[in-house]
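> Listed below, chain by chain, are the residues.
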Amino acid sequence: MSAPLRAGRPVWSGTTTAASALRGRRRIRWTANAALGVVGAAFVLPLLWLVFASLDAEAGHATRIPRQLSLANFAAVLTPDLLFVPLANSVLLAAGTAVVNLLAAVLAAYPLSRHPSRFTKPFMYSVLFGTSLPVTAIMVPVYGLFVQLNFLDSVPATIFFMATTTLPMAIWMTKNFMDSVPIEVEEAAWVDGASGLVALRTVVLPLMRQGLGVVFIFVFIQAWGNFFVPFILLLSPSKQPAAVSIFSFFGQHGAIAYGELAAFSILYSLPVLLLYMIVSRGSVQAFAMSGGMKG
Amino acid sequence: MLSPERRVSLGSRRPGVIRRRLRLLPVLPSVLLLALFLLAPVAWSFYASFTDVALSGKAARDPSWLGLDNYARMFSEPGFPLALWLTVVFVGASAIAGQNILGLVLALLMARGNRVLSRAVGVAVVAAWVLPEIVAAFAAYAYFSRDGTLNQLLGLAGAHGADWLYAFPMAAVVLANIWRGTAFSMLVYRAALADVPADIMEAALMDGAGGRQRLFFITLPMIRNSIAGNLMLITLQTLAVFTLIWVMTTGGPAGASTTLPVLAYQEAFKFGDIGYGTAVASVLIVVGMVFGVVYVRLLREAKQ
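As you go down the protein sequences, you meet chains A and B in turn.
Sequential numbering of the first sequence, starting at 1, is according to this note's numbering.
Sequential numbering of the second sequence, starting at 1, is according to this note's numbering.
These aren't lab readings, by the way, just hints derived from the structure by calculation.
Don't take every hint at face value.
As the list claims (entries may be wrong) - Simulated coverage check for chain A against chain B, where a stretch passes if three residues somewhere in it have a Cβ under 8 Å from a Cβ of chain B: (1) 44-52; (2) 220-227.
To be verified - Facing chain B, according to a computed beta carbon distance under 7 Å, are these residues of chain A, among others: (3) G40; (4) A62; (5) T63; (6) P66; (7) S70; (8) Y110; (9) S113; (10) H115; (11) F129; (12) G130; (13) P134; (14) A137; (15) V142; (16) L267.
Just so it is clear, CB atoms sit at the ideal spot from N, CA and C, and this is done for glycine as well.
I would like the entire structure built from these sequences, with the hints used as guidance.
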């Protein structure tokens, strides 16, 4: 947008107006930069505490540059009970959720994309409607349901529930990605006698693997960061993911061990930051628009 | 699945119908998951809100029908009206005003500012959004606590800080949610602004339209679909915020930052009254559904 503004020189302007317009534009640019700097600083500040406190053996609430850089906090949390078991649980939950999601979404997207019928549109809009349910609102009834079905404290049941909460989004994204694979490639496979699902597996999926990667990572990030669902549905500490164990840790030791809390937070956040960097290359839009804004 | 030959013979004998139905079979796993884990809880929520089902004790095993008692209770106790009001404040201040306007302003500034600076600010804003919610909540808690960063800054400026989380809990959670969620609006508006055709801008500039006129009469009307969609999505996301508030204030002090999700959680799990908790949850679900219907309509119109 800045390019056309700069190019859009009024034809009738004499030298004086051109000069003042240039000054005006410089002023706008300078103001924009100053405002950006202020907002950026405001956004960085709360994160700065996290980084400084993790490297400071005597950290408190206050943000300060550590008197002595120390990895003691990281060393203190690098134990099986504190970090490795909860992280392994997080991996299991997040990867399990992403796999279930991807399988269900790909299977559903195939007929919706390739054999549109009069059910397709109503189905897609119901699914979209499903994305608007506030998940925290259904946690009380879900807890009741899990008690009735004896699902409480079950990792597989929790995985299936978490997969369902992101499934509407995943179906929309997957269908959009599949729509962009031309049907002609597939027809060749049909002529060779391959059935629909064989063509899906051998022809369509390989062509949309980037899109599938985006969906997988998107669901993985959501599940990895989810606190409320495992907090309600998983009771044994040995099954709880890092999001929940960090909360109990904070409740018990938070008042004294801020540095360790910060170190734990950073180690737990790194995987999703890395994954986000992978998807954001070129597909931030797909990521942000996943709500179906571009439908 | 059927083998190709069998499918062909089946299709040729009974043209179409069965084959077309069978084609829809792969949708089944998704439908089952959505029915069991989304539809059933919603239905159960509405049902349980008419009973006195409890977390433990006799009412857990054998709940009795209360009719509208739980809903009547909402308006006779001060807890619910307060939570409803605080939810409106939270959504209005942090999402509709805060995230939405700041996101738009950031997107506009980024289009005019220095490219390297814009990218750096974008990373900072997105980082707060990508972090796991519990980590973001801890960072916000430390920032607003009595000897936290905010009071340090105020101290540098010579002002006396406050104990924000106790004295002004709503202001603290609203600001924290703006910090946490603005990235989404920013990304939406950056994409929308990039789609505004350059020649229209140029024509307006030729006609001598000033910056403010271009913004209000050209840019904003052109991205109105994005604005509407963004408002719907961030409203729905903010309605569901629980972790941020729970970690920062646990809804306190004395319910001063208890929004509807926090109230539903407390009634159901702290006081063991699942019946009343589901009644609160049902209200939230209905609000979500209303927004959901509007959102779906909006998208359908945008596509047609």
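> For every hint, state whether the structure bears it out.
Status of each hint after checking the structure:
Check result for the segment 44-52 of chain A against chain B: holds, 7 residues qualifying (beta carbon to beta carbon below 8 Å, three or more required). With 5 residues carrying a beta carbon less than 8 Å from a beta carbon of chain B, the segment 220-227 of chain A meets the three-residue requirement, and the given coverage holds. Checking A/G40 against chain B: minimum C-beta separation of about 4 Å stays under 7 Å; hint holds. Interface restraint check: A/A62 against chain B, minimum CB-CB distance 5 Å, threshold 7 Å, status holds.
About 4 Å separates the beta-carbon of A/T63 from the nearest beta-carbon of chain B, less than 7 Å, and the hint is met. With a least beta-carbon distance of about 15 Å to chain B, the hint placing A/P66 at the interface is violated under the 7 Å criterion. Annotation: A/S70 was flagged as interfacial toward chain B, and the flag is violated, the nearest CB pair being 19 Å apart, outside 7 Å. Interface restraint check for A/Y110: the shortest CB-CB distance to chain B comes to about 6 Å, inside 7 Å, so the restraint holds.
A distance limit of 7 Å between C-beta atoms decides the matter here; for A/S113 the minimum to chain B is near 11 Å, and the interface restraint is violated. Because the beta carbon of A/H115 sits about 5 Å from the nearest beta carbon in chain B, less than 7 Å, this interface hint is met. This hint holds: A/F129 has a C-beta 5 Å from the nearest C-beta of chain B, less than the 7 Å allowed. For A/G130, the interface hint holds, the least distance from its beta-carbon to any beta-carbon of chain B being 6 Å, beneath 7 Å.
Checking A/P134 against chain B by beta carbon gives a least distance of about 4 Å; that is within 7 Å, so the hint holds. Checking A/A137 against chain B: minimum C-beta separation of about 4 Å stays under 7 Å; hint holds. This hint holds: A/V142 has a C-beta 5 Å from the nearest C-beta of chain B, less than the 7 Å allowed. Evaluation of the A/L267 hint against chain B yields a violated restraint, the C-beta minimum of about 10 Å exceeding 7 Å.
When each numbered hint is compared with the structure, violations occur for hints 6, 7, 9, 16.
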